[in-house]
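Trainee: Residues per chain, in single letters:
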Amino acid sequence: MLADTIAAISTPLGEGGIAVIRVSGDEAVKRADSIYVGKHSLEEVPSHTVHYGHIVDPRSGERVEEVLVTVMRAPRSFTKEDVVEISCHGGLISVNKVLELLLLSGVRLAEPGEFTKRAFLNGRIDLTQAEAVIDLIRSKSDRAFSIALKQVEGRLSKKIRAMRQELVEVLAHIEVNIDYPEHDVEELTSAFIRDKSDAVIAQIDELLGSARQGKILREGIVTAIVGRPNVGKSSLLNELAQENRAIVTDIPGTTRDVIEEYVTVAGIPLKLLDTAGIRETSDLVEQIGVERSRMALAEADLILFVLNYGEELHDDDRQLLQQVKDRQTIVIVNKTDLPGKLDMSAITEMFPEERIVRMSIKEGKGMKELETAISGLFFSGEVESHDMTYISNVRHIALLEKAKQFLQDAIASVDAGIPIDIMQIDVRNAWEQLGEIIGDSAPDSLIDQIFSQFCLGK
Amino acid sequence: MQYDAGHYDVIVIGAGHAGCEAALAAARLGCKTLLITINLDMVAFMPCNPSIGGPAKGHVVREIDALGGEMGRNIDKTYIQMRMLNTGKGPAVHALRAQADKLMYSHQMKLTIERTPNLTLRQGMVEKLIVENGVCKGVETKTGAQYFSKTVVLTTGTYLRGKIIIGELQYESGPNNQQPSVNLSHNLRELGFELVRFKTGTPPRVLKESIDFSKMEIQPGDEQPKFFSYDTVEPPPGEQLPCWLTYTSSETHEIIQSNLHRSPMFSGAIEGTGARYCPSIEDKIVRFADKPKHQIFLEPEGRYTSEYYVQGLSTSMPEDVQLKILHSVPGLERAQMMRTGYAIEYDVIVPTQLKPSLETKLIEGLFTAGQLNGTSGYEEAGAQGIMAGINAARKVKGLEPVILKRSDGYIGVLIDDLVTKGTNEPYRLLTSRAEYRLLLRHDNADLRLTPIGYEIGLIPEERYQRFLHKKRMVEQELERLRTTKVRPEPHVQELLEQAGTVVLNNAVDALSLLRRPELTYEHIERICPSPYELTAEMKEQVEIQVKYSGYIEKQLQQVERLQKMESKKIPDDIVYEEIHGLSTEARQKLAKIRPLSIGQASRISGVSPADISILLVYIEQYHKVLAARGS
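Keeping their order, the protein sequence lines are chains A and B. So in my numbering, spot 19 of the first sequence is number 19, and the numbers just go up one at a time. So in my numbering, spot 306 of the second sequence is number 306, and the numbers just go up one at a time.
I should point out that these hints are in silico values taken from the structure, not numbers from a laboratory. All C-beta atoms in this analysis are idealised placements derived from N, C-alpha and C, irrespective of residue type, glycine included. Honestly, I wouldn't trust all of these hints.
What the hints assert, rightly or not - Listed next, the stretches of chain B that the computed footprint assigns to chain A, with coverage defined by at least 3 CB atoms under 8 Å from CB atoms of chain A:
| id | region |
| --- | --- |
| 1 | 230-241 |
| 2 | 288-299 |
| 3 | 424-437 |
Stated by the list, open to error - Over 12 Å on every C-beta distance to chain A, these chain B residues come out as not near it, computed from the model:
| id | residue |
| --- | --- |
| 4 | Gln-2 |
| 5 | Gly-6 |
| 6 | Asn-39 |
| 7 | Glu-190 |
Next comes chain B alone, as it looks inside the complex (with noise of 0.2 Å):
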């Protein structure tokens, strides 16, 4: 029985990570927003590793951040372990990653969500979607309610036809045991969406109490945590937890091998495409042979839970198998498993199928996000989420969408990465898939993104005067830097001579000395202390500026040129199979990904310099076709 629920500016389906990113980001800009999911106790849930961050992930969160998102005050607040990891590296790597308390994150979050002002939460089961002449005009549930909006953001995460597989079990299933979301997979192929097949998995959880940790090592965390957000000052109650680590044995080993005919990875029974960086211990004992053990960490799942969960035993073996697996890990031989490890397999909308504002090409008004797009993980997910939930927003309020570049952020590598060249598996962010990796920096994300956040409306007045004091504190201390002399006095040369540099034979101003690769600004400091309040933030910032200018520098060249691709726009209403002289496959890869500038075309594999040469010729063309007829 259908009758009509409500009328909506948004609506979000699904309150995973990047759910509720789509949905705190289209509320806070205004708009009357729905967030509607299977299950209320699964908000903000992490069905694999209770950890947030690390490198290039962590990044993403900071960049949630300074845009005005939620997953880094959450974590901060949830934490029970924070670590900066990569601190021997240089600066654009350190990357903070935490122990999230599971429980906690997902509380936390709700409550946020319930105590934002035009947000509904709703629990419910959505099976269509309400299409009208290719646009997108709401959804209907299962108990026949129809909502009614403005634009829709689907946010279904590993749910849709989900099957889990443990061994030689199969069954319709979420993540979790949860109700898998079905009839809505049928829909979005009856509306013309290419969907394939992704699969990942999760290991077992033990009980705190069957573990010896004496047979592992301690992992603790920092002695002074850092935080994700610019708006976290303390950290959360608690002492933090710490993790383990163990090592598997040659006999977990044996029993693999020997049960191998039993893992459904090996047997056919997986359809799905797995992701390389996330493989099971099944495959990683297949593929790396040689390799005498493999790393296991044992992570807390949480303060008020005695759930551990087993770091690099990810495994679809049968049950009785994963026992015997665990058993065999130093230190878990009398583990008692709590919780089963599996295999999930769900549908994933080809990505190719999107704009670069994550709104599909095929229904205006339809916004997908989060491992539905191909992503892995909650960071991915959240950065999606917030994308496609601003873009949302302005498009109910008719503004154009805010499309981050690949030198804004590690977002807009994802989102360009996905929708540009798509994926053939679960897509994880890497340090190594930005090139401008020394510009987009753990320290700098608000130099980045916070102003774009102010601009779009995420970021409120008070944290923006905030921003703009840090930045002027950096760029006068800078300043001052430059144009400080630093004489060949007594005590600067024995403060030299004491760091391992050479002495000064004249006066250098302090930026240079700063430059040394001996020097760091504490030494700065003590020659020619700064009048201005610095925090340690600042001095961070303009030690981190000075010290690498020379390659920063370079990187920011490359964008320069990269940005005049990018400014050079592809008419929305080009036909490419009126273009004589592109190859056939440009022609049929233009056609499909429809980039929206001859930069994002260049990255579209299989578009040669020479089709990237006619185009612009073509492009050239038209507008002067156009400005003739206007006149």
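Chain A extracted, bound-state conformation (with noise of 0.2 Å):
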């Protein structure tokens, strides 16, 4: 932990089109080289020099991304370590998948303001800045607790404690075979560890893969704008996108032509829907309209239902309403500003009032609430994203990768013939970064484990 290499995003989430992530450290210039190909190995290159190149999958061989790389080696870097930074321009996609990539080849993510802290033991910055530094670590240690604290909400802790729970049970059962021999606990058979390594590998894998979760966990919420033309759905839009310096991406969807954007709000990542039609249709037949809407709702994490106060309740609105009320929908009532004609009983009846948020966007009112609105629906759990911020997403998908590899590991030895408690080394290592993802790793609970499952003593 002293010493060991780290890396991180080094420029603000969601501010320019170039990120880049920084990694300090022994093996700074090693990892990054692992997963660089260019013209020249970046461990011959000479400090101080940038290079052109791309970052590759080493297991698929896929370019992920092209990239300038700065190799920076000790003592002359900012933290006095050996230092590279990785220049990324693709987007946030792209730059999570480098760094993902990177904590694959055994970088640690960083902690909050440890790039300076290292700074500072190395001696690079002055003393009278020590209580800047403790503070840093501090505010960035809280609100990094918070988020993982909400994390711990969300559906997909509860899967990992499922996991942690099926994996704790064959830790428990291994250790008493060890620690109590003469007991009358049946001996675990390597057969069994296989069958348990490798469904708790499957259920990795669904995390992973499964389309929807997987795209949460890469790429935010899911989060369409919906609602009959002219009620403001554009202006919502562009609203979002300037107050919250969205990256504009090109990414063209397989079957469709849609163009996504993401913004972030209040610390959550959106990822908008439909972006392309929402601006292309405002002005056409409601018909488009409506069936654009149907479409983005499919796949939407997350619903902002746009209505027009000065307008009554259409029927499709009704419909459509009808259709999103029992998924996390917040309903936009815009242009507040004009005579009311909405009929808002009716939506009242259908909705608690804190996912209804009164706007007009012409008058620029409202946005604070509806921020408030989305927080609060992320806040407590309803949104099923368990991700604040791009880094623990990486963060988290490391991590399960690197539990997979450990119970591959783990059935490797059962085909080897390793004895059983030098098996349990992987599986135990599995059930430990499991546990880092919820942030539970505390090794007693594998005693109180042991003692709760089996009748034990002399």
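Could you fit the two chains together into a complex? Lean on the hints.
Mentor: Dropping the structure here:
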């Protein structure tokens, strides 16, 4: 922990099109080089030079990102350690992917304020700044901590807990076999351990792979802005994009030609669906608008349903509202500057007050309330995403991948006839990796499990 | 009437398993040592099970021996059965377990103590510590004798304000109806120590002649017994005695269920915290109601007695119920109960009040060890005893304390857990408490600890030379295997085929061959015999180091990482209240535990990585300020 190699995205999220990943530590150059392909190996290049190349997934050989890499060797760097900075320009998804590959290669995700801390510990920063360093660590950690707490609420954590429970039961059984060899607890067979490991690997794969969950993990909360024409969808979109400095990426969909945009609202990454559609169809006939809304609805995690306060509720509106009332929906009553014609009671009957936001985008009213509503939905754990920031997403993916790797090692050990107590190391590591995702790595809980699962004693 | 009864370097109070190791270590290190105990007939007495060792515990005995302690040698001289457990599993969890001749064990230890130079054994009841200005200067007994010393090691076991509970009956007592130590407990409280109440228990004993062994399953010892001590060369005289296995019956469970209202465990009469791993039979039946039967082992208490220990029937039920329970067990229908089972409550010192050297933070020169520190088990007690004895002696000599790391041995794990995390129930070692289990093996205790024992001065020159020889031979043999090429010759191929592994295409080194799961060192010996004279122990060492090198290497890397955290020391005079930025919980815990290193600090529950970062920054600042002042 004192001198291992760490990495983090060091440019603020959601600001600017270029992101820089900073890697620092003894193995910074080696680890970066392991995922980099360019004219020269990074291990051979002189210090303080910049290199053009690609980040490649070493498992598949797939090119992930086009990058500029700067190598700065110790002690002439910010942290006085070997530092590599990778500049990416392809938007958040590929930046995250690069970070994910680094973490998989054995680099640890930096703790809040850790680069600054190292700079200080290595004598780079003046003594008078120590207090500031401490403040930085504290404030960033507190925020990270509150994020971590929120994440524990979600469905992801439920799944992780379930997997950990399966593993800890196996572990407890192995431990009992070891510590109480004469006890009448049946000996665990290798086949049993293999089956259990397989089962948990399958669950990890499901988490990593399932389109919806995977997308949430990687890309934020899929959000649809729906409503009939002229209710103010495009103004809302522009407002969100403007206020939150959206990163616009042109990612052609595979089935439809949609354009997605990313915005961060109250720290929550939203992936806005069919933004092109909203912009294009604002003047078109009703028919198309409704149709497109329905399509967006199908894949959204979060629905922002926009109504016009100055109009009566339309049949289409009623129909759609009915359709989305049990989903994660926020009803936005726009144009509150107009005389009210909308039957609010019809809406308040269907949605609780905290899900209804009254806005006048034209007059710039209600944005704060919308942010509160979205974060309220998120913080209460109702939105099925578990990741407030991209950084923790990447961290989760890396931890899941590592847990999977350990379980695969355990299976390999089973096949090689390795004794059960040694195989246990891999299962235990997998259990601990999963624990890190939900911030629970207390080793004592294994001992608690042993004594609650088995009746032992002299 | 007080009088001056003499001056010593080290005084050890209590001659149980902790006290004996402490006193022997101190005396062997050249300190004039007094070992004072309530009853001289109870030296190294085993008030509960007549056995030593097993997983983790056996490892500890091995470690005590590797450091130069007595427990291993003593049990090797007095065992009546020896078994290696877990032989079907990996080498790290192979564990030796001995059935002891309880009486001989005690006699033998007493004799060793009596014959040790610098060591005085004395019967007496210590009632008070002599403390001046926060420094312990000696002890005072009930009879008014004042013994003075430079350091004191307190090992009161379960005697401190001990209370025996049998059903509705309760009385003040130490274990096995010995006199309890009451005034010393009050004295410790007056001195400012935080004490808590723990509870343990023991089963009834029965007469051999009244047991029907034909209804039980025999549990013999190993034909080729191994030993705990690296010094032992031959087993004690006499045949090994078997243990016997039987089970509780449905009748047993009914008797217990219908008498639960009379159990002090459930009536609330017991206030002390018991251990989950040492439950009474009534506890087991209530907590695991769906388990139809529980194992009962009948263990002989010695060669010259007919008493049998009924393992699995620990209970504090009333005596009449105990009798019914006994008689409901197949084979014990006519059993004659010789001693009644009981629960015992006693005072324990909250172990976070100790430094990793086992010296108390409150009173300089006062060390505590054993069950008093909240552990359970003879082995755990002995382990703390030897460390407390070593450090008490080193303090007398003005030397730095010896603190074993978690990667050095189970002893390191045990003490670090106690002083860093504390314990809310009697603490038992388990192999799963060690994060580097693969490194902390029964077979390599000497490699891990004998150099330390030698440096301290507890390992004699002759034994150290023997150790060095073994180490050299193992290294030479490993080197030979690394450099010896095995060619695909017919006799080699045939042997490989027989062993069920693939034949060779090209020449390979013998080391890689030994790595194959199907092959053992014996195979290698037949393929390319060693020119060196290797003992079975050396061959075993070679085989383990080769076969598990991948895993061992991984753990060694983890240890190295940990090492950086451990070597980052926290200044003694650090004032946690002054460090702004620490969370309140971390601040309180750190101020209470006062960890010696960043590594230890990071193991305190409630201290987050952010707190550790802040601590690191603060320490750096601290050093820089000091440096600036100095210049």
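Trainee: It remains to establish, for every hint, whether it holds in the given structure.
Mentor: Checked hints:
1. Counting residues of the region 230-241 of chain B whose CB lies closer than 8 Å to any CB of chain A gives 0, which falls below the minimum of 3, so the coverage claim is violated.
2. Requiring three or more residues with a Cβ within less than 8 Å of a Cβ of chain A, the coverage given for the region 288-299 of chain B holds, as 5 such residues are present.
3. Using a Cβ-Cβ cut-off of 8 Å, 6 residues of the region 424-437 of chain B lie near chain A, which meets the minimum of three, so the contact claim holds.
4. Residue placement check: Gln-2/B keeps its beta carbon more than 12 Å from all beta carbons of chain A (closest about 43 Å).
5. In this structure Gly-6/B is separated from chain A by more than 12 Å, as the shortest Cβ-Cβ distance comes to about 41 Å.
6. With 12 Å as the threshold on Cβ separation, the claim that Asn-39/B sits away from chain A holds: the shortest Cβ distance comes to roughly 25 Å.
7. No Cβ of chain A approaches the Cβ of Glu-190/B within 12 Å, the least distance being about 33 Å, so the stated non-interface status holds.
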